[in-house]
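There are 2 protein chains.
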Amino acid sequence: MNHPLGFTGSTLDRADLLRLDLQRMAQMAGSAEARLLTLSGADPVLDEAGRLLWSPLREAERGSDLLFLGLEGDAPRFAPLPRLEPGQRAWSVFRLIAQMAPEEAAVWATARSLIEWHNRHGFCSNCGAGTIFFRAGWGRKCAACECEHYPRVDPVVIMLAKFGGKVLLARQPQYPAGRFSALAGFVEPGESIEEAVARELHEEAALKVSNIRYVASQPWPFPGSLMIGCIADAASDEVVLDTAELEAAIWVDRDEVRAALDGSPSAPFAAPPRFAIAHTLLLHWLDGR
Amino acid sequence: MNHPLGFTGSTLDRADLLRLDLQRMAQMAGSAEARLLTLSGADPVLDEAGRLLWSPLREAERGSDLLFLGLEGDAPRFAPLPRLEPGQRAWSVFRLIAQMAPEEAAVWATARSLIEWHNRHGFCSNCGAGTIFFRAGWGRKCAACECEHYPRVDPVVIMLAKFGGKVLLARQPQYPAGRFSALAGFVEPGESIEEAVARELHEEAALKVSNIRYVASQPWPFPGSLMIGCIADAASDEVVLDTAELEAAIWVDRDEVRAALDGSPSAPFAAPPRFAIAHTLLLHWLDGR
Chain A
6 MNHPLGFTGS TLDRADLLRL DLQRMAQMAG SAEARLLTLS GADPVLDEAG
56 RLLWSPLREA ERGSDLLFLG LEGDAPRFAP LPRLEPGQRA WSVFRLIAQM
106 APEEAAVWAT ARSLIEWHNR HGFCSNCGAG TIFFRAGWGR KCAACECEHY
156 PRVDPVVIML AKFGGKVLLA RQPQYPAGRF SALAGFVEPG ESIEEAVARE
206 LHEEAALKVS NIRYVASQPW PFPGSLMIGC IADAASDEVV LDTAELEAAI
256 WVDRDEVRAA LDGSPSAPFA APPRFAIAHT LLLHWLDGR
Chain B
6 MNHPLGFTGS TLDRADLLRL DLQRMAQMAG SAEARLLTLS GADPVLDEAG
56 RLLWSPLREA ERGSDLLFLG LEGDAPRFAP LPRLEPGQRA WSVFRLIAQM
106 APEEAAVWAT ARSLIEWHNR HGFCSNCGAG TIFFRAGWGR KCAACECEHY
156 PRVDPVVIML AKFGGKVLLA RQPQYPAGRF SALAGFVEPG ESIEEAVARE
206 LHEEAALKVS NIRYVASQPW PFPGSLMIGC IADAASDEVV LDTAELEAAI
256 WVDRDEVRAA LDGSPSAPFA APPRFAIAHT LLLHWLDGR
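As they're listed, the protein sequences go chains A and B.
With the first letter of the first sequence counted as 1, position 71 gets the number 76 in this note's numbering; the numbers rise by one all the way through.
With the first letter of the second sequence counted as 1, position 198 gets the number 203 in this note's numbering; the numbers rise by one all the way through.
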């Protein structure tokens, strides 16, 4: 995989053993090297070079809940934990992400997923009592029943079905104009990655597939998915679309995909952005793998 | 992958489009072909051939919450939703699973994961109010804030590190005597599968690895993981063990692995059971891939 995958390559050491060490955590937050990620709501704030902004961690902020993102060398990096309003997710964040290097986007993505999770987990799913921040932001604990809760990561399969030199792409109603991307769906309890790929292609497009191969994976912080990219051989190109989820599907050949990835105005569809694994899957397929 | 992976190969059609169709669900539960999975707590109950026991769905059971597992041909299959006591997980269930075909274990695993999830999600993590059963068991909904909650699937990486013709295995304190298995850990927000593999091998064994390859995956219903099996090349065989998680580690060669998988009494360790993906990873490595 030569193309850098979006949201991967963070240079932070997560140093997970420090998360439960309250004394060390307080020491680090008080150190001159401690830095706090600057956010606007849960969105990144960038400098002119498209890099994340960090500020020294000030006295006033040390009392509030801080997410420990990890160490950059010896320097501790934290993120704030803002209260989000429901539905506060703007498509404009994708314009910012497009300007960011994947390894910078990875650091922000970690913070973003944790913030979303904390905002939806102020109460214990086991008993309904309030939960408290613990593990430096990598968990919450119930003050009543003592249940421990950990940030959720939802595995999602995203895949290209191949048939006769073409691959299948589809569009959801909320996509930007012209955009088509790979089909995708959540992995459910009781199935493998390969079974989820086969089920989703069957449910959404009525395709039967075989020879399912894993290609690559990426985190996706909207709000907290693990995207698992695969490719599979379809038994035919007869598609019956699940119109509850998708509004259109197209089979595209290599020239059409190349044109779309190049951003050509004559391309029959607009490609998924470089930071999305669907883009990587298309490049992988063009490479003839 | 010729070796059948544990907990995969279910022949049920999950028929997810029916889950929200309350009328159809009531019709199916009332049909003569409807079957209910027999459970003991959350454990499977087997016939003499090691197959799951099913009973006709009776009038009395139709009023209670039923998990819709899917269709076997046209025949609907359901599971009950028992109330579990905390910590009610017996190691004895592994003896039952060892007798089951993977495709039978897959059906039970789906029910088991859903049951565990419902038992821990009677309350809304967003507002603390009670949640109600919906989507035929594939979700819960908050009666107060209307948040929808979906069954959790936790991605876990499990991997063999290779060095000089050997692979690294380790044991957790609670394993049966002599058992060693592959190292594993949860994928965290903001990282890819490959990054999680590298991080876990570094955290647990102080290994640096490269060339991380995906091999296979399986669901693991204790309580609801997606096990993602990988193999990686270690830069050395110098291990520093995280003794908070692991009590011992060994590098084993092909002859030792073969002896263990054959159950030989002279093998230097007891192999993970056939239904665990660690077993599959060892077979894959023996095959020279």
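If you are wondering where the hints come from, they were derived from the structure by calculation, not from laboratory data.
Do not take every clue at face value.
Note that the list lumps identical chains together, so a pair holds whenever it fits in one copy or between two copies.
The list that follows gives simulated cross-link-like pairs (lysine to any residue, SDA-like), each with its CA atoms no further than 25 Å apart [unchecked claim]:
1) 213 x 78
2) 167 x 184
3) 171 x 53
4) 146 x 249
5) 213 x 249
None of the values given here were measured: they were computed from a predicted structure.
Evaluated hints:
With identical chains, the CA atoms of residue 213 and residue 78 are at most 25 Å apart between copies only, with a shortest distance of 17 Å across copies and 49 Å within one. With identical chains, the CA atoms of residue 167 and residue 184 are at most 25 Å apart within one copy only, with a shortest distance of 19 Å there and 42 Å across copies. For the identical chains of this complex, residue 171 and residue 53 are neighbours neither inside a copy (40 Å) nor across copies (49 Å), given an alpha-carbon limit of 25 Å. Proximity of residue 146 and residue 249 under a CA criterion of 25 Å is satisfied inter-copy only: 21 Å between copies versus 38 Å inside one chain copy.
For a Cα distance limit of 25 Å, the shortest separation of residue 213 from residue 249 inside one copy, 20 Å, qualifies, whereas the shortest one across copies, 46 Å, does not.
Consistency note: the structure conflicts with earlier hint 3 alone.
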